[in-house]
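Each chain, written out:
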Amino acid sequence: MEVDLIFKIAAVGIIVSILNQVLVRTGREEQATMTTLAGLIVVLMIVVQRIADLFALVKTLFEF
Amino acid sequence: MTTIFSVCALAMLCAALYAAIRRTSPEYALGLSAACCALVLLSAVKLLEPVLSFLRELQSLSGLNAALMAPVLKTVAIGFLTQISGAFCQDAGEQALAKSVELAGVFLAAYTALPLAGQVLELLQKLMGG
Chain Y
25 MEVDLIFKIA AVGIIVSILN QVLVRTGREE QATMTTLAGL IVVLMIVVQR
75 IADLFALVKT LFEF
Chain S
168 MTTIFSVCAL AMLCAALYAA IRRTSPEYAL GLSAACCALV LLSAVKLLEP
218 VLSFLRELQS LSGLNAALMA PVLKTVAIGF LTQISGAFCQ DAGEQALAKS
268 VELAGVFLAA YTALPLAGQV LELLQKLMGG
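Going line by line, the protein sequences match chains Y and S.
In terms of the numbering used here, the first sequence has 54 at position 30, counting the first letter as 1, and numbering is strictly consecutive.
In terms of the numbering used here, the second sequence has 272 at position 105, counting the first letter as 1, and numbering is strictly consecutive.
Hints were generated in silico from the structure; no laboratory data involved.
These numbers come from a predicted model, not from an experiment.
Please note that a few of the clues may not be correct.
Claimed, not checked - Under the rule of at most 27 Å between Cα atoms (straight-line distance), these lysine-lysine pairs were calculated in the BS3-like manner:
1. K266(S) / K241(S)
2. K83(Y) / K213(S)
3. K32(Y) / K213(S)
4. K241(S) / K213(S)
5. K293(S) / K83(Y)
6. K241(S) / K83(Y)
As the list claims (entries may be wrong) - According to the in silico footprint, chain Y covers these stretches of chain S (three or more CB under 8 Å from chain Y):
7. 180-188
8. 194-208
9. 212-224
10. 288-295
To be verified - Which chain Y residues stay away from chain S? Per the calculated CB distances, all over 10 Å, these:
11. L47
12. T50
13. M58
Where a beta carbon is used, it is the ideal one built from N, C-alpha and C, also for glycine.
Generate coordinates for the entire structure from the input sequences, incorporating the hints supplied.
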């Protein structure tokens, strides 16, 4: 099982939240929003691959 | 047997990380929970393969038509996927989406089981001599 995937997502979440707070404190709200959005897209790319794997497995197992 | 230990450990680890990042970044917490669900299910669903092959063996032994077995398996898969997707939508706080997915699953299951119901009707008509 790929436990590093879970750590990766949690790490991205923590780093982005820290970056977000730093950028907001320095008055760069737009950049903070863009950083959050970019991090979210990265996480979603990782998650969507796994979910696609799961759906493909179910598809082959149950003969869809 | 080791699968259950790794599944439990992964779920607990994910729950701890979820609690850690939920307040600061709830969107990442949701992604984390989705990834954990996908990993757990990927490792668990693989174990269904021998069960399904045993079912197929039973089907071939009993001489049951494969066309009768396919809707049953498809309905199981539809139920499984809709339950997981609905629960995920509920986690994201979208009750309406969750209910829509569940309702879509019900409709799809009914549609998938329709050929079986048609065959039962045909059989009944034959038995009654109609």
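Comparing the hints with the structure gives:
| no. | hint | verdict |
| --- | --- | --- |
| 1 | K266(S) / K241(S) | holds, 20 Å |
| 2 | K83(Y) / K213(S) | holds, 12 Å |
| 3 | K32(Y) / K213(S) | holds, 24 Å |
| 4 | K241(S) / K213(S) | holds, 16 Å |
| 5 | K293(S) / K83(Y) | violated, 35 Å |
| 6 | K241(S) / K83(Y) | holds, 9 Å |
| 7 | 180-188 | holds (count 5) |
| 8 | 194-208 | holds (count 11) |
| 9 | 212-224 | holds (count 5) |
| 10 | 288-295 | violated (count 0) |
| 11 | L47 | holds, 14 Å |
| 12 | T50 | holds, 18 Å |
| 13 | M58 | holds, 14 Å |
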